[in-house]
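Asker: Sequence:
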Amino acid sequence: MARAPLTAEIEELPEADRLESFPHPRHTKVLFGQDDAERALAAALASGRMHHAWLLVGPQGIGKATLAYRFARAALAAPEERDLFGQSLEVGDETTASRQVRALSHPGLLLLRRPYDVKAKRFSTSIPVDEVRRLRSFLAHRAAGDGWRVVIVDEANELNVNAANALLKSLEEPPARTVFLLVSSAPGQLVPTIRSRCRMLTLPPLDDGNLRKAATQSLTGADAALPGDGDWAPLIHLAGGSAGHLLGLLGAGGLELQGRIDKLLGLLPRVDWKAVHALSDELQPIAAQVRFDLFFELLLGTLARLIHAAATGEGSPETRALAGRIIGDTRLASFAALWERVAREKADTLALNLDRKSLIMETVAGLAAAAQDRKPA
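Mapping of the sequence shown onto full-length UniProt numbering: position 20 corresponds to residue 20, and the numbering continues sequentially without gaps.
If a hint is listed, it holds; no wrong ones were tucked in.
For each label pair, taking beta carbons as the anchor points, the in silico distance ranges come out as:
#1 Ala351 to Arg325: 32 to 42 Å
#2 Ala186 to Ala321: 30 to 40 Å
#3 Ala321 to Asp93: 45 to 55 Å
#4 Gly315 to Met200: 22 to 32 Å
Keep in mind the hints are simulated off the structure, nothing from the lab.
Where is the CB? At the ideal position from N, CA and C, for every residue including glycine.
The whole structure should be built from the sequences, with the hints applied where relevant.
Answerer: This is how it looks when you write it as structure tokens:
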């Protein structure tokens, strides 16, 4: 009797540098809004005189990792497959280098990032030294011919102390024909010795047009519905030039949360405590972590805009009007202190696993007190 053929299913592991179900940056076809940064890398590659380490910095979700993979495809492609004039990093999707980079199978590419623990079903909180030690075997073999080797660290500010020191050794004695691309949204968290050995390339937030194009590309790639025509403007306003942030807002119901925040602030110094209790009950469970984080991100962002408007007179007419009513000239210090306290207490709540509902209730009580110049009972 013939034996049935064996089949093996390979489970696709989660990736720390991927946003939910959206295409990974290495699968992104078009990079929007970062032409200057791409030309800088393309020109350096075409010249053959590449700096050995580049620090790609800027807010999250603006295309830093996408740029890193575009460079990897160009550097690892055959010379005739890339732009030899240094204007673009564009390489055909069906070239061997492009396919291997997408599959993370090119022998000239090494990606260092937070690993996923299959047993614990969670990501490491940082990039450990064992991850960086993979550099030893990678750098021990020369690239074929005059080819390049590319090391991407995403995100570099997630390196722990030992990992950063291990990476520093390679940056201090860079092997020939090897380029390090360190992606970071918080370069200040990197040790100064690493920053000093890198050429910094700053990527700006996306303008409104490119932000919409980048978000549309990701949503289409994930077979997700596009926002309605009336939702684009508020989403773009809240996203702050980050396509990743805009996608996160969509996935977590950011517009609905912002609407509740606007209503809450618009009532001050009065408070609809029934609505606040309902909100805090909704955001308290651990399963609501994403929306809990997003609520405080949106609340602190809105408060920052109101404080800025009260201090400078700048902002939209709606923001200036609300700031004038609840902050005015006399309560600016109270609201600034409240912003700092809420940010600190939110961090403490997460770090110490404190009661989340209490934090929301106390935050709203603090807002009401600040709006009428008295301390909560």
